[in-house]
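J.: Each chain is listed here by its residues.
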Amino acid sequence: MGSLLTQAFTGLGIGATLLLIALGLTFTFGQMNVINMAHGEFIMAGAYTAYMLQGSFGRETSLLVSLPVAFVIAGALGVALETVLIRRMYGRPLDTLLVTWGVSLMLQQLARDLFGAANVQVLTPSWLVGGVHVAGVDMPYARLFIMALVAAAVAGIWVYMTYLPQGRRMRAVMQNRQLAACSGIPTARVDRRTFFIGSGLAGVAGVALTQLGSVGPTLGTNYIVDAFLVVVVGGLGQIRGAIIAAIALGVLDAYVEWGTSASFAKVVVFVAIVAFLQARPQGLFVLKTRALT
Amino acid sequence: MKMPGASGGARNPWYGRIGFALVALGFLVLAPATLSDFGLNLFTKYLCYAIIAVGIGLAWGQGGMLSLGQGVFFGLGGYAMGMYLKLQAAGPGKVPDFMSWSGVEKLPLLWKPFQYAWIALPAVVVVPMAVAAGLGAMVFRRRVRGAYFAILTQALAAAFVILLIGEQGYTGGTNGLTNFSQAFGLDLADPTNQRMFYFITAGVLGAMFLLARQLMASRYGRLLVAVRDGEERVRFLGYNPTVIKVIAFSISAGMAGLAGALFVPVVGIISPALLGIVPSIEMVILVALGGRSSLVGPVIGALAVNYAKTSLSNRFPSGWLYLEGLLFVVVIGFAPMGLAGLVGYGRSALDRLRGSPGASPADEAKRLEDEVVPA
Numbered sequence: 265m266g267s268l269l270t271q272a273f274t275g276l277g278i279g280a281t282l283l284l285i286a287l288g289l290t291f292t293f294g295q296m297n298v299i300n301m302a303h304g305e306f307i308m309a310g311a312y313t314a315y316m317l318q319g320s321f322g323r324e325t326s327l328l329v330s331l332p333v334a335f336v337i338a339g340a341l342g343v344a345l346e347t348v349l350i351r352r353m354y355g356r357p358l359d360t361l362l363v364t365w366g367v368s369l370m371l372q373q374l375a376r377d378l379f380g381a382a383n384v385q386v387l388t389p390s391w392l393v394g395g396v397h398v399a400g401v402d403m404p405y406a407r408l409f410i411m412a413l414v415a416a417a418v419a420g421i422w423v424y425m426t427y428l429p430q431g432r433r434m435r436a437v438m439q440n441r442q443l444a445a446c447s448g449i450p451t452a453r454v455d456r457r458t459f460f461i462g463s464g465l466a467g468v469a470g471v472a473l474t475q476l477g478s479v480g481p482t483l484g485t486n487y488i489v490d491a492f493l494v495v496v497v498g499g500l501g502q503i504r505g506a507i508i509a510a511i512a513l514g515v516l517d518a519y520v521e522w523g524t525s526a527s528f529a530k531v532v533v534f535v536a537i538v539a540f541l542q543a544r545p546q547g548l549f550v551l552k553t554r555a556l557t
Numbered sequence: 008m009k010m011p012g013a014s015g016g017a018r019n020p021w022y023g024r025i026g027f028a029l030v031a032l033g034f035l036v037l038a039p040a041t042l043s044d045f046g047l048n049l050f051t052k053y054l055c056y057a058i059i060a061v062g063i064g065l066a067w068g069q070g071g072m073l074s075l076g077q078g079v080f081f082g083l084g085g086y087a088m089g090m091y092l093k094l095q096a097a098g099p100g101k102v103p104d105f106m107s108w109s110g111v112e113k114l115p116l117l118w119k120p121f122q123y124a125w126i127a128l129p130a131v132v133v134v135p136m137a138v139a140a141g142l143g144a145m146v147f148r149r150r151v152r153g154a155y156f157a158i159l160t161q162a163l164a165a166a167f168v169i170l171l172i173g174e175q176g177y178t179g180g181t182n183g184l185t186n187f188s189q190a191f192g193l194d195l196a197d198p199t200n201q202r203m204f205y206f207i208t209a210g211v212l213g214a215m216f217l218l219a220r221q222l223m224a225s226r227y228g229r230l231l232v233a234v235r236d237g238e239e240r241v242r243f244l245g246y247n248p249t250v251i252k253v254i255a256f257s258i259s260a261g262m263a264g265l266a267g268a269l270f271v272p273v274v275g276i277i278s279p280a281l282l283g284i285v286p287s288i289e290m291v292i293l294v295a296l297g298g299r300s301s302l303v304g305p306v307i308g309a310l311a312v313n314y315a316k317t318s319l320s321n322r323f324p325s326g327w328l329y330l331e332g333l334l335f336v337v338v339i340g341f342a343p344m345g346l347a348g349l350v351g352y353g354r355s356a357l358d359r360l361r362g363s364p365g366a367s368p369a370d371e372a373k374r375l376e377d378e379v380v381p382a
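Order-wise, the sequence lines are chains E and D. When we follow my numbering, the leftmost residue of the first sequence carries the number 265, and every step to the right adds one. When we follow my numbering, the leftmost residue of the second sequence carries the number 8, and every step to the right adds one.
Hints may contain errors.
Unchecked claim - Take a look, some chain E residues computed to stay more than 10 angstroms from chain D by CB distance: (1) Gly-322; (2) Val-336; (3) Leu-362.
What the hints assert, rightly or not - DEER-style ranges, computed between Cβ atoms: (4) E:Val-550 / D:Lys-113: 47 to 53 angstroms; (5) D:Lys-113 / E:Thr-524: 19 to 25 angstroms; (6) D:Tyr-123 / E:Thr-524: 26 to 32 angstroms; (7) D:Gln-122 / E:Gly-523: 31 to 37 angstroms; (8) D:Arg-242 / E:Val-550: 18 to 24 angstroms; (9) E:Gln-385 / D:Pro-120: 27 to 33 angstroms; (10) E:Val-550 / D:Tyr-123: 47 to 53 angstroms; (11) E:Gln-430 / D:Gln-221: 53 to 59 angstroms; (12) E:Thr-482 / D:Arg-226: 23 to 29 angstroms.
These are calculated hints, taken from the structure and not from any lab test. In this text, a Cβ means the ideal position worked out from N, Cα and C, and glycines have one as well.
The task is simple: from the sequences and hints, build the whole structure.
T.: Dropping the structure here:
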């Protein structure tokens, strides 16, 4: 029983990490139909930000300082990418995928040249060392910290989209771009803002990942495919979908891995996703439109 | 929003035939006569990638299905061939060397059929085609396509590689299958035999190219292009787009499998590092550079990129990665028709200079329209 619960907690932890990464993707994919493969490198940028800042702010506070800084740095990278490349390629989702892949190759090599190919370590602040023991389950503070961070990010986005005028415009563009443009919404500016938030969240995810392992140039690549699967299963631009999909995939992964092996778990998750798409080819939640599917 | 199909144009068919014969002559006579043994071996490897590229050109350029998991099919073909060669090297009744290192003493059930050439050789094509047909039928039937399809195939590549690495006792893990001494009783270290593999590979590439060309010239080819440009319209006309797409996807997988099987005796290794997410997406840039909408383009792109990679990546490993990234950005972002597009542009510019009737304003408008790439 205890180990069953432990797996559930592990799954929740995996799911929370995936969700933090997938939140940004689901907006850029859902609103602009852009598949940003360089999203993984924004995660890496966030992680290296935490690494750079720990020298000047000390072990205890640098992690908290890096969260907003990484958000801004990764967000700025995202806006730069959107302005220089992606804006020219709207309506060609497959081509944006390949172009951003090229950008991600270059960013990875840049990180290798700047920080070295070897992984670097970000120190854990003393208030994240250790964990609590509840009902036979060990809960490391680092995992709980990530879960809290995800919860805060989801709450923030929900408030932004529900109550703020910027969020309302964002929803309008997501639902019908032409009509939004006709109604006087500056869609280009909304796009840029969405890209800033989505990429910034990747930076925050990067800071969080430093507490789970070391930081290297390929940090983002390890997560990006799974994060895209979360978006596919959850449905485009759907926060609810992303939350449920991330937790479901994380928990499924944890249980299958526990029952068999890590390599087998990946295959089972893949087969499960293909089977799931048989029932709901557009993901859990679908934005209702009158367009032909 | 139309890309030209490969069968467009009403030029004299003999131009193409003579061109093909000249190129074939170059491949079969000139290359073996001028290249060193080492150079020819490298060139054979490039030709293997060119075979994959022809397949991707068919599925992506003509059919609009971007597969980021082509390495999986390449790997299935490669591993099928590698398993057969490994069992040949081990001798009857024995297990391959890496299995005894991992403590596997009895030949696993999965490996048993690959003792026989008559199973292993067809499996090289049949297994990748079956996997592609199965996956394709499931996802295309439910109208999962475009970016969703690309992400799924990428996830397939990720899962396949993790499985290969994880099941070390059965697959050789990260090292893959290597140390082949002989194939079909032929010593693989002998340059004469390597020359023979070159001719076989060049022959297969020619055959695959002609197959793709015949397909695109047929009614099926028209339908494939039509599905790419307007799947719903084709459906409303009474055709089943699922069947059309599954056929193209599994043929492209079969080509990748064949390339994998030829790759193994030539290069001497098949390992997860050759077929994961990164190699799979690199296969796509071969096609993009050459020109996705032409059939010759992918072959030229495969040879050019692999040549550049071999000559640059050893001397400037860091520079090559920047260049490769830049290649993706520039080609896809700013010249989506690739080298073939440049040729087409040059040809129409030439026509305009000559003032031939082919350069009427209407044709020019059509050409401009053709350059826009569909989503």
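J.: None of the hints should be skipped; say for each whether it holds.
T.: Against the structure, the hints come out as follows:
Look at Gly-322 (chain E): its CB is around 33 angstroms from the nearest CB on chain D, clear of 10 angstroms, so calling it non-interface holds up. With a minimum CB-CB distance of about 25 angstroms to chain D, Val-336 (chain E) clears the 10 angstroms threshold, and the non-interface call stands. The Cβ of Leu-362 (chain E) does not lie farther than 10 angstroms from every Cβ of chain D; its closest approach is about 5 angstroms, which violates its non-interface assignment. For Val-550 (chain E) and Lys-113 (chain D), the Cβ-Cβ distance of about 50 angstroms falls inside the hinted range of 47 to 53 angstroms, so the restraint holds.
Between Lys-113 (chain D) and Thr-524 (chain E) the CB atoms are about 21 angstroms apart, so this pair conforms to the stated range of 19 to 25 angstroms. Between Tyr-123 (chain D) and Thr-524 (chain E) the beta carbons are some 31 angstroms apart, a value that agrees with the proposed interval 26 to 32 angstroms. Between Gln-122 (chain D) and Gly-523 (chain E) the beta carbons are some 32 angstroms apart, a value that agrees with the proposed interval 31 to 37 angstroms. Distance hint check for Arg-242 (chain D) and Val-550 (chain E): the Cβ-Cβ separation is about 20 angstroms, which falls inside the suggested range of 18 to 24 angstroms.
Judged by the Cβ atoms, the range 27 to 33 angstroms given for Gln-385 (chain E) and Pro-120 (chain D) is violated: they are separated by roughly 48 angstroms. As the Cβ distance of Val-550 (chain E) to Tyr-123 (chain D) is approximately 49 angstroms, the hint placing it in 47 to 53 angstroms holds. Here the CB-CB span from Gln-430 (chain E) to Gln-221 (chain D) is close to 56 angstroms, well matched to the stated 53 to 59 angstroms. Between Thr-482 (chain E) and Arg-226 (chain D) the C-beta distance comes to about 46 angstroms, which lies outside the given range of 23 to 29 angstroms.
In terms of the numbered hints stated before, the structure departs from hints 3, 9 and 12, listed from lowest to highest.
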